[in-house]
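Whole structure, please, built from the sequences with the hints as guidance.
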Amino acid sequence: MINYEVMFIIDPALEDATKDATVENVQTIIAADGEVEKVEVLGMRKLAYPIDKKEEGYYVVVEFKGNPTLPYELNRKLKISDNVIRHIIINKDEK
4 MINYEVMFII
14 DPALEDATKD
24 ATVENVQTII
34 AADGEVEKVE
44 VLGMRKLAYP
54 IDKKEEGYYV
64 VVEFKGNPTL
74 PYELNRKLKI
84 SDNVIRHIII
94 NKDEK
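Residues in the sequence shown are numbered from 4 upward in steps of one, following this note's numbering.
Worth double-checking, as some hints may not be accurate.
[Unchecked claim] Per label pair, the in silico range of CB-to-CB distance:
#	residue 1	residue 2	range
1	K56	D96	21 to 31 Å
2	M4	K49	15 to 25 Å
3	I5	P53	29 to 39 Å
4	I91	D23	20 to 30 Å
[To be verified] Think about it this way: if two alpha-carbon atoms lie no more than 20 Å apart in a straight line, the pair counts; the simulated EDC-like pairs of lysine to aspartate or glutamate are:
#	residue 1	residue 2
5	K57	D96
6	K22	D85
7	K49	E59
8	K41	E59
9	K68	E97
10	K56	E18
11	K57	D85
Think of the hints as simulated: they come from the structure by calculation, not from any bench. No residue lacks a Cβ here, since even glycine has one placed at the ideal position from N, Cα and C.
The following block contains the structure:
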């Protein structure tokens, strides 16, 4: 299994329950084909530049292990999610 890290920014206008549900949903997607190592909720942070006229975002970082197809599926689901405004998936084993 390969080590990965995903960082995603949740829309700050959402309620706390919806933000928590989004984090849980990402963990569920990862757990289907891999294993979640660590979840770090960084909370509200100022964005480097406005995204959809929003100045802040709710940041979450998840470290996980999975097979090589897992990032593609996770990327696809995060792209179509209305709750996530930006995300990036990194292969930590690649140098």
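Here is how each hint holds up against the structure:
no.: 1; hint: K56 <-> D96: 21 to 31 Å; verdict: violated (37 Å)
no.: 2; hint: M4 <-> K49: 15 to 25 Å; verdict: violated (35 Å)
no.: 3; hint: I5 <-> P53: 29 to 39 Å; verdict: holds (34 Å)
no.: 4; hint: I91 <-> D23: 20 to 30 Å; verdict: holds (21 Å)
no.: 5; hint: K57 <-> D96; verdict: violated (33 Å)
no.: 6; hint: K22 <-> D85; verdict: holds (11 Å)
no.: 7; hint: K49 <-> E59; verdict: holds (4 Å)
no.: 8; hint: K41 <-> E59; verdict: violated (24 Å)
no.: 9; hint: K68 <-> E97; verdict: holds (13 Å)
no.: 10; hint: K56 <-> E18; verdict: holds (18 Å)
no.: 11; hint: K57 <-> D85; verdict: holds (14 Å)
Checked against the numbered hints listed earlier, the structure breaks hints 1, 2, 5 and 8; every other hint is satisfied.
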